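**Q** Read off the chains here:
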Amino acid sequence: MIIWQTPAGLALALFMLGLLGLLARRSLVFVLMSIEIMLNAAGLLFITAGMRWGNPDGQIMLVMVLNLAGAELALGLILILRLRNRITNLDGDAANILRDVP
Amino acid sequence: MITYLWLIPALPLFSSVILGLFGPVMGPRVSGAVGTISVGLAAVLAVSIGLHWISHPPTNSIYEQTLWAWITLPGFSINLGLYLDPVSLLMVLVITVIGCLIHLFSTEYMHGEDGYSRYFAYLNLFVAAMLLLVLADDLAVLFVGWEGVGVCSYLLVGFWFSEPTNGYAARKSFVVTRIADIAMLAGLLLLSTKLGTLNIQAMLTGAVATWSAGSLMPTVATSLLLIGGLGKSAQVPLQTWLPDAMAGPTPVSALIHAATMVTAGVYLVVRTHALFLLAPHVLDAIAVGAVITLLVAAFAGLVQSDIKRVLAYSTMSQIGYMFLALGVGAWPAAMFHFLTHAVFKALLFLTAGAIAMRLNHEQNIFAMGGLRSKLPLAFWAFLIGSASLAALPIISAGFFSKEMILGAVAAAPMPGLILWACGILGAVLTATYIFRVVFTVFLGPLKTEVSGSYGVRIAVPLVTLSVGALVVGWLETPEGLGNQTIFSRFLTPAVGVFHHLPVSFMIPLLGFAAPLLGIGIAYVLHRNGTWARATTTMPSKLTIFIRSGCGFDMLYDELFVVPYMTLVRVLRHDPVDSMFAGLQYLAIVAHRRLRAMQIGQIRRYASWMMAGSVATIAILLFS
Amino acid sequence: MNLQGAVPLVILTILAGGLPAVVAIRRSYRLICAVTGLGLLAALFSIPYALRATSPALPELFTFNALSLGFIGLILISALLILVLAYSYWQPETPLYREEFPLLFAAGTLGAVALASAASFITLFLGLETMTLAMIGMIAYPHFRPAAEEAGLKYLVLSGMSSAFVLFGIGLLELASGSLNIAHIVASSAADAASQQMLVAGLAMIAIGAGFKLSVVPFHIWVPDVYVGAPAPTGAYVAVIAKIAVLAILIRTINLPGANLSASMSTLTTAIAILSMLSGNLLALMQDNLKRILGYSSIAHLGYLLVAILAAGSIGQVAVVFYIVAYAVTMIGAFGVIAVLSHASDVRDVDKITELRGLFWTRPALAGVMTLFLLSLAGIPPALGFIAKMYIMAAGVHTQLWSLLAVMVISGVIGLFYYLNIILVMSMKPSDDAMAVSILAISIPNRLAIAMVSLPILAFGVAPSPLIALLKLMFD
Amino acid sequence: MMLVWLLVIPMLGGLLAWPAGRFHSTAPRIISLIALLSDLAIAIPLLHSSADIAMPGTWMAGFNAAWIPAFGMSFRLGMDGVSWLLSVLTILIGLFAVIVSWHEIDNGAGFFHANLLWSLAGAIGVFIALDMFLFFYFWELMLVPMYFIIAIWGHENRRRAAIKFFLFTQGSGLLILISILALAFLHQQQTNVLTFNYFELIQTHTSHTFGILITLGLFIAFIVKLASFPVHVWLPETHTEAPTAGSVILASILLKTGAYGLLRFVVPLMPAAAHSLAPIALWLGVASILYGAFLAYGQSDLKRLIAYTSVSHMGFVLIGVFAFNIIAWQGVVILLVAHGISTGALFIIVGSLQHCLHTRDLSRMGGLWGDMPRLSSFGAFFILASMGLPGLGNFVGEFLILRGAWAVAPVITIFAAIGLIPAALYSLVAIQRAFHGPVDETRDEHDFGMRETSMMLVLASAIICLGVNPQPILTIASPALNNMQPQPTTAMLKEMGAG
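Protein chains in written order, with this note's numbering: chain A, 1 to 102; chain B, 1 to 623; chain C, 1 to 476; chain D, 1 to 499.
These are computed hints drawn from the structure, not numbers from a lab.
Be a bit skeptical, because a hint or two may be false.
Simulated pairs of lysine to any residue, SDA-like, Cα-Cα distance not exceeding 25 Å [said to hold, decoys possible]:
1) C/Lys429 x C/Thr362
2) C/Lys352 x A/Ser27
3) C/Lys429 x D/Thr26
Quantities reported herein were computed from a predicted structural model and do not represent experimental measurements.
Using the sequences plus the hints, can you model the full thing?
**A** What follows is the structure, encoded as structure tokens:
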């Protein structure tokens, strides 16, 4: 029996990595990528769970997650592209016309 | 006839309402007529009731007339009723008759003033309230009249409202008496709670039945009532308002601040004397306080230069005599002095007004002089009044009443003689200060232009009152002078028999001598010019002190007015409100802080969410 | 396969799938809207039919009972109302293709319905993501508005983050329990300490996702920006439908056998409720943007709702649903007023409070209705929100949550301030340039939608009995 | 059923008046007058009727219908003497409010009168509701229209004042809600019946602490409305900024709802708890009397001055209510009516002053008696009346309150009575600064015309009648007040009297 703890730990590490990336990177593309990493970490976790209990649920979920990641990436890129027309770079911090600080 | 008793207060009240509503339309002539005639009718009614009373007194010499139930509650009810007995009858007679004369006088005196009808409306209202006060059979109703006269006094003192000082004087008079009234109100509450009723007779019966003499309750109750009386009657320590109240028109001073309202305190004590008898210490205190008042006021009267202020202090002093009589339980003596004082003091005030009228409203006695020949009517009237005030033996009414008081005081137990001695000293001073005025005003060279002439509406009241001031004293005379006792016999059903107690011969003798001595002093000082010089030289500190009424005003300013004003200034902007404003400020600060988080940057938002997530997981995992 | 219970879902699926075909056939905005509306209506009217189902439909994936169907009904009614608003919001002169908006709308609604009736984490996740993605599309729909675009991006990133949390949480749950069935996980207990910890951590991460969608503190931070950036109908959609769907699954989970709020969970909920009530209202205090105010106010309102959720028991359950109804109608109404006043072709909506100035004098009826909405939000009679607030307070008092009630009172007072301020501005004399607002004619559908929203707010605010009776049926 | 009409007529009148204002500015005024007069016509005959549905105690009329059965809330109305007096006062003051606004309110007359009628309807509802939740409903309902009246037609700082008014009253209202809910659930625990029926809830037994908490919630809300120290702060600002009609309604009616709440709910519902609160309440009363009086003296805005006098007078009401005896309560009722009339009249006078002088600043007045003798004499009359001049209504009320309170708490009564001295001070100073003093020659004359004079005469005669013959009012209120005094209270009172 394969130990499930190792891939679970890896998933957690990936998730954290994604989270840190999300917080640390200014470029919106990297931000999107960080989200992808987080989603994939979850995917890995599902696989691990499926492996632990020996059922296909985990794999089904992985497919769903990949779908979602794709859709989200597509949407995100569209928005980033449009944003780029406005702010001419990919700095996420520059997109702040919506704020409540006078 | 007596069943129309209710008309006596109702007539002036009705006329007051009429004048209040339609006065401006009616014009001065009609207003004056309505005002005077209503009081005149009341006077006629009162006199006829009085005459009928003497021939056919009702059972127990009491006539009660219940008008309607004012407040009826379980355990507490007040009837609006009138109670007529010799004491109130006497008061009613004095109020209506003198009131009528003063109204008549006013019609001429106030001629051409703005607010002529308003004046008469107030004056009528005053008479109505005063009559209600004396006729009330219930202390609560009495209190209605009591406050009513206070308000009328306020309105009339401040009648010439465009002068702010008049307004100040009016307010002062009202507030000082109001302070006293609150004590009286507390007294009423105490009495009604403890005895279950405020009906005067029932209350007195109850008090005598339940309380023993000298116990705490009657002492407290009478003290509270007494404070009310002291305030209204301008006795130490609540006397400071009266001199200022002279800002009102002179007939008002005559009616309210000499003849009627200021004696309400005396009336109150006489009316509830059964209660006061249960509190001997309070009676002693009354006597002592009275002596202080009469001396303080007499000294103050000695150094005034405004004729009305002299008279005001003399009023205080004379009411001090009445209270002195009350303090030793000589109720009829007090009432008798009330009667004579009402007559001669009204006369003096009216005369003072009549003089001022002709001198372009000059009231400073040192600006007058030599008026004897110019104003003979005023001279004689003032002389008769002054003689009566000074208690000039035999010929003046004041002599008999003052003699009656001093005799009773001298006969009273131990401190009696000391009190009497003070009374005699007061008599000397009285004669001195009033004749100081007489000599200064009427003798010597003419100083001010005299204009105009007196009409019949001035003359009639002056003459009538002068006659009164000469003869009314003969209603009650001491042993050596006919031993007439009509007055005390008349009052007997209400206040009990009055005995002229035997006293040493020295007592009446000194009573004879004191006024003469006083007049002598006044004349000597007039001749050598001391009086006149006092106005030109810098007054000494002592004089200033005495002139200001022995510093009571300054004391009260420091004690009450200044702290009150400070408090008002501190509170003015509502500190509690600022407290709530503080809460508001807190909310706004919190708002700003929170709002600063909404910076608009995705990364920052993600960090906040991240922090929240960590906290959430931590709470769930580790709690 | 018996699909009777799932009829609404089926209809919506067909609708969402068929709409692109309709667009392909004929690009007509009115047609698309009509089809969408009819589809939603059909789904709505199929609910009684679905209720009569004797056997469960798709029991592994969905639960269709009175409770979930009730929520579905609520979602559908709200969606219909918002659709009417959206229909006249996108005017012909708007420089974009309007036809895809109903498409996204239908997809989002499908997702919401799926979420509300999910029985498994698979469907839950599917529904959630369908809804979210459709909403991103709707938020950023007017591409000529930079604000809308930015709002879309923010929502995308942050909701992506929260989705990741939810997914990871689900993963942990599955790892710990080996199942994706909600009821099963709720009923089972952990085998060992490690699984227990994983279960709790998974639950926490799902709670974070729920908190994000419900926009409670500390996951509220995106709300105002998105509300402001999104066009008014989308704002209403985000504020109402997403929240109903998430609350539906939440309440259904709480009602499952074996579910109980652990001590730490209720501590957390209490803390979140208190923070939401206070900071929502405090944030809105001196605000001058109406949409932002609605955003902050929705934070506070969700805080109130959490109080009712904490106050379990018969009163608490109905209180939650009642409050959701009141909140939903009122929010739609408030966004509706903004939508009515705005032009889609402008670069932003009419959402400054000062732009409402003088509304009482230029458009008394609209102002009156808006006042009613604001009163309802503030919980003042005769509006529905008052009864709702009373309901929550009753639930709170019944379970003696005194501290929460105290916070509720305090934050309620703070909240009053900004609601009243809006009313005040509307009651001020109009300035001269305010006439521009008054020129805009209000279309018949808009009038209809506003009237349909305001009528129940007033009617049920005066006589709430029928509504209470109806909602009680959901818990029988 | 009559009671329902009493509420429905002004509500409908309001609905009618709003659109009517579009056609003609006089139409809403006429509608309001008609609505209020017909309300009056309904209310007056009730005096001699008796309730046709069974209710414990003495009631003139009653009505009951289901409302929210899920919570046992019903639409239960009942009118007894106190309710009748306050309702009739409400209608009458409402009439005056319509009349004074005749010329003052010239824009948005329709909406104004709608709000006026609605707030009056809310107040009447408060006075006759016997279901506690219904009471609370009306309690909240009357705020909104009042808010509009202040916020739209008020003076310079109306926005701030309106919001302050609303925050205070609504915030405290939530406490009422919590209290009545707690009470109802407690009652449910004891009897298994969830109801908000006043007569049922009155029989709830509470533990000491819980009872006090429930009572405290009600108490705080009611004293906020009563504007007692230290929660009076909304009142001066609101009264000052409201338009004349608004000030009149606020002072004459809205403050009374607080007193009514204390009398009707706080005292009978949990007598024991109310008794434990009594010392606090009494001292708060004293504090209000003195604080209000001090602050009134320091004001230079005439309306603000009058507003602070209300604080002072409501202190007496607070003392009267918590004296727990019929005499004091009768005093409270009289004072409520008398204060309603006198303060209403004063606000009318100040409103009219502001209308012609364009200021409420006392330092810019003075000598008005010369220009406006009628206005000034009525002003002085009502100031004296509110000062508690014997022979006028307010005195009877204050006297009875003091008399009733003396039996329970003499020391507090003395302090309260001392409060009458600053009352004299501020009253006289107001007269002095406004009406007396040197005449300003430059002013135009705008004395009271027929309309105002007759209005004032009616109010003045009312206050005189009240002072000279208060017995009819006492008789009307008597059975109602007897109802409010449950048996245990009487026993307790005896205990207190002995101790």
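**Q** Confirm or reject each hint.
**A** Do the hints match the structure? See the list:
1. C/Lys429 x C/Thr362: Distance ~9 Å between C/Lys429 and C/Thr362 Cα, so the pair holds.
2. C/Lys352 x A/Ser27: The given pair, whose Cα atoms are some 32 Å apart, is violated under the 25 Å limit.
3. C/Lys429 x D/Thr26: holds, 21 Å
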